[in-house]
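Visitor: Chains G and B are the protein sequences, given in the same order.
Per the working numbering, residue -16 is the first one in the first sequence, and the count goes up by one each step.
Per the working numbering, residue 258 is the first one in the second sequence, and the count goes up by one each step.
What the hints contain is simulated information worked out from the structure, not anything from laboratory work.
Ideal Cβ positions, reconstructed from N, Cα and C, are used throughout, including at glycine.
Treat the hints loosely; a few may be bogus.
[To be verified] In silico SDA-like pairs for lysine to any residue, Cα to Cα no more than 25 angstroms straight-line:
1. Lys6/G / Leu604/B
2. Lys6/G / Ala605/B
3. Lys595/B / Pro223/G
4. Lys595/B / Glu208/G
5. Lys542/B / Lys29/G
6. Lys6/G / Ile437/B
7. Lys595/B / Pro93/G
8. Lys29/G / Ala406/B
9. Lys179/G / Glu603/B
10. Lys6/G / Gly505/B
11. Lys16/G / Gln607/B
12. Lys595/B / Gln143/G
13. Lys595/B / Asp75/G
14. Lys595/B / Ser177/G
15. Lys542/B / Gly57/G
16. Lys29/G / Asn443/B
17. Lys595/B / Lys29/G
18. Lys179/G / Ser458/B
19. Lys6/G / Ala598/B
20. Lys540/B / Pro93/G
21. Lys179/G / Ala605/B
22. Lys16/G / Ala606/B
23. Lys6/G / Gly405/B
24. Lys179/G / Gly405/B
[Stated by the list, open to error] Derived Cβ-Cβ restraints for the label pairs, each shown as a range:
25. Glu201/G / Ala598/B: 55 to 61 angstroms
26. Ala171/G / Val582/B: 51 to 57 angstroms
27. Ser428/B / Ala306/G: 53 to 59 angstroms
28. Glu603/B / Ile286/G: 33 to 39 angstroms
29. Gly367/B / Gly90/G: 32 to 38 angstroms
30. Ser279/B / Gly90/G: 56 to 62 angstroms
31. Ser428/B / Phe277/G: 24 to 30 angstroms
32. Gly90/G / Val582/B: 22 to 28 angstroms
33. Gly90/G / Gly355/B: 18 to 24 angstroms
34. Ala598/B / Glu261/G: 40 to 46 angstroms
35. Gly90/G / Asp412/B: 29 to 35 angstroms
Here is what each chain is made of, one letter per residue.
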Amino acid sequence: MSTITLAKALNDGLRASMEGDAKVVVMGEDVGKLGGVFRVTDGLQKDFGEDRVIDTPLSESGIIGTAVGLAMRGYRPVCEIQFDGFVYPAYDQIVSQVAKLHFRSGGRLPMPIVIRIPFGGGIGAVEHHSESPEAQFAHTAGLKVVACSNAADAYWMIQQAIACDDPVVFLEPKRRYWEKANLDREAAPAPLLSSKVVRDGTDVTVLAYGPMVKTCLESAIAAAEGGTSIEVIDLRTLSPLDLEPVYASVRRTGRVVVVHEAVVNLGIGAEVAARITEQCFYALEAPVLRVGGFDTPYPPSRIEEEYLPDLDRVLDAVDRSLAY
Amino acid sequence: MPEEPEFVQLLTPEGERVEHPSFAFDGDDEMIASMYRDLVLTRRIDTEATALQRQGELGIWASLLGQEAAQIGSARALRPQDFAFPTYREHGVAWCKGIDPVALLSLFRGVDQGSWNPLETNFGLYTIVIGAQTLHATGYAMGVQRDGAVGTGDDDRDTAVVAYFGDGATSQGDVNEAFIWASVFNAPVVFFCQNNQWAISEPIDRQTRIPLYQRASGFGFPGLRVDGNDVLACHAVTKAATQRAREGSGPTLIEAFTYRMGAHTTSDDPTRYRLSGDLEHWKLKDPLARVHAYLTRHAGLAEDFFADIEAESDVLAHRIREGCVAMADPHVLGIFDKVYAEQTEELAAQQAGYAAYLDTFETQTGAHA
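Just chain G, with the same shape it has in the complex (with noise of 0.2 angstroms):
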């Protein structure tokens, strides 16, 4: 057992598998020499060379594109792009190409690409580097989105995905980077695609990934204080979704919140809720409830905090569920 930082979690996790599989590469912008802008790559050039871990020109869509290229020759790239609102000039070769290949091929040609993409605001950017762009990708066929929220699960997912021999968005929460848990290497991990109860409770339950889930775990903590008890569920895995365990829940609950940083309108919670309602209908008690994003571009840095779901507004749609 150690205490690891997520970014590091990640860092060790990349290297673990560019250990156990030759065929791994690392791509992306200043992931070599700087060992990228979070230093996520830090010190993986010059243990594997320039070869494996490649400092690539400025050019997004060359990064997917090339990717496809090196997956058909047997490698298994891994490409970081390095902020959330970099990834749209990557966005065909991603929809039309890495997502659709091994359909269109008749699975002749498997597409083990990862994508990392560190997503999410509060790190008091400018314009561009602070976006959930997450449900454009689960709304495509073909690819996998996973998001991981800490340092242990980023150490296992990051292994995973690479093992995995389809597409995976891998989103990566950057404003919880620096923070640290304890990492099990022993211990057997989750599979990639499950989602997990990450604090037990049996008044409302609430739904979160990536950096929400820290901020849905401080709502439960408090709102403890007040007599609720949040079931809080950290879903992992945005496509596939893998909602038996929040099934499970809300038969006991009866009432939802899904909280993202994203926008409300046609994203994940969306879907989420739409599976619910079909899934758990006579066991709900309140419709369900989502807490995201406005539908407006993320805002100047100095009001970010206002425009981030927080502890006030998850407990605000918390105390709206019990109302009913």
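Model the placement of chain B on the given structure of chain G, informed by the hints.
Guide: Using the frame of chain G, we list chain B on its own:
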């Protein structure tokens, strides 16, 4: 009509061999005869496919009429280990890579989205999003470098990659990014641009103000223009460029100057945007006629040689027609199976749910098989 360009030409439209200071065709008359066979058969594949579309057996077809020499000449220069990444019009390259012409039709008939195995044939899937495959080619070439399959001097190991694309694609960001990546990583890739003068209705002057091959110098690698209707010249320049790539000397841009004799696809009507006089002008440069003239006049091939190829093309056309018409529609439940290499429970449940829904019809009518 663009000005007549300076380009590498080794066989004139009249069928006369000419010298070029830098490039020479290194094959003999027997090889020219075999390339002529490829040209004729490829044109016949195209003619038959167009007819099948007109008769409703294909949803659409993208004709390569007029571009046979660019494709056969370049593809015949490839070694078996060389990988070609096509657009959706590279029927001649597919032929040279050993793809059954019947297999080309399934995409256009709408029964699948590519029926050959790219990893076994070293021929990528047809790519409809313009220019996307140039990045795939560059990435594949970077993999070749990492495999140590460049510059070893072993002819069976060293590998070149060829990215095919058209004049319209040169305006795409992906193509320009591919040029940059191939250049800075010195990747063993040849960019083979068939400038057929038209991107559906848009003429070449809507894509560029300079000859396309000259763009290469800005990216830091050689570019050249070849007579795209001259199969010997296309072979010679591609052989040189792929050899250069295999040796580790990096990318080359080849602009094959040619003409799309037909419509963009069977859905297009070129009479709305170009003059019939242009077509007549280019007919005089036909890529097949000049080889026919050479073989007749200088290689001493008699009429029975040509008659045999015509007979062979009739057999091929018949086989294509029968193969096309015999293609069964896929079963809808199959679409769930190949989305992922590792199937998800979510999608398997959707498949099972739809199967159960379909079964309700079977129960009612017995019609669904």
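Visitor: Would you mind marking each hint as holding or not holding in the structure?
Guide: Hint check:
1. Lys6/G / Leu604/B: violated (29 angstroms)
2. Lys6/G / Ala605/B: violated (30 angstroms)
3. Lys595/B / Pro223/G: Judged against 25 angstroms, a Cα distance of about 15 angstroms means the pair holds.
4. Lys595/B / Glu208/G: Violated, because 50 angstroms separates the two Cα atoms, which is more than 25 angstroms.
5. Lys542/B / Lys29/G: violated (57 angstroms)
6. Lys6/G / Ile437/B: Within the cut-off at roughly 24 angstroms; holds.
7. Lys595/B / Pro93/G: holds (10 angstroms)
8. Lys29/G / Ala406/B: This hinted pair holds, its Cα atoms lying about 24 angstroms apart.
9. Lys179/G / Glu603/B: Distance of about 17 angstroms is within 25 angstroms: holds.
10. Lys6/G / Gly505/B: Judged against 25 angstroms, a Cα distance of about 21 angstroms means the pair holds.
11. Lys16/G / Gln607/B: Since the Cα atoms of lysine 16/G and glutamine 607/B sit roughly 46 angstroms apart, the hinted pair is violated (cutoff 25 angstroms).
12. Lys595/B / Gln143/G: holds (21 angstroms)
13. Lys595/B / Asp75/G: holds (20 angstroms)
14. Lys595/B / Ser177/G: holds (22 angstroms)
15. Lys542/B / Gly57/G: violated (43 angstroms)
16. Lys29/G / Asn443/B: Holds. Lysine 29/G to asparagine 443/B sits at ~22 angstroms (cutoff 25 angstroms).
17. Lys595/B / Lys29/G: violated (39 angstroms)
18. Lys179/G / Ser458/B: It is violated: about 55 angstroms lies between the C-alpha atoms, which goes past 25 angstroms.
19. Lys6/G / Ala598/B: At roughly 18 angstroms apart (the allowed maximum being 25 angstroms), alanine 598/B and lysine 6/G satisfy the hint.
20. Lys540/B / Pro93/G: violated (44 angstroms)
21. Lys179/G / Ala605/B: Holds: lysine 179/G and alanine 605/B sit about 22 angstroms apart, inside 25 angstroms.
22. Lys16/G / Ala606/B: violated (46 angstroms)
23. Lys6/G / Gly405/B: holds (13 angstroms)
24. Lys179/G / Gly405/B: violated (44 angstroms)
25. Glu201/G / Ala598/B: 55 to 61 angstroms: violated (39 angstroms)
26. Ala171/G / Val582/B: 51 to 57 angstroms: holds (55 angstroms)
27. Ser428/B / Ala306/G: 53 to 59 angstroms: At roughly 58 angstroms between Cβ atoms, alanine 306/G and serine 428/B fall inside 53 to 59 angstroms, so the hint holds.
28. Glu603/B / Ile286/G: 33 to 39 angstroms: 38 angstroms Cβ-Cβ, so the 33 to 39 angstroms window holds.
29. Gly367/B / Gly90/G: 32 to 38 angstroms: Distance hint for glycine 367/B, glycine 90/G is violated at roughly 19 angstroms.
30. Ser279/B / Gly90/G: 56 to 62 angstroms: violated (45 angstroms)
31. Ser428/B / Phe277/G: 24 to 30 angstroms: Cβ of serine 428/B to Cβ of phenylalanine 277/G: about 38 angstroms, so the range 24 to 30 angstroms is violated.
32. Gly90/G / Val582/B: 22 to 28 angstroms: Because 26 angstroms falls inside the window, the suggested range holds.
33. Gly90/G / Gly355/B: 18 to 24 angstroms: holds (21 angstroms)
34. Ala598/B / Glu261/G: 40 to 46 angstroms: At roughly 28 angstroms between Cβ atoms, glutamate 261/G and alanine 598/B fall outside 40 to 46 angstroms, so the hint is violated.
35. Gly90/G / Asp412/B: 29 to 35 angstroms: holds (33 angstroms)
Checked against the numbered hints given earlier, the structure breaks hints 1, 2, 4, 5, 11, 15, 17, 18, 20, 22, 24, 25, 29, 30, 31 and 34 and satisfies all the rest.
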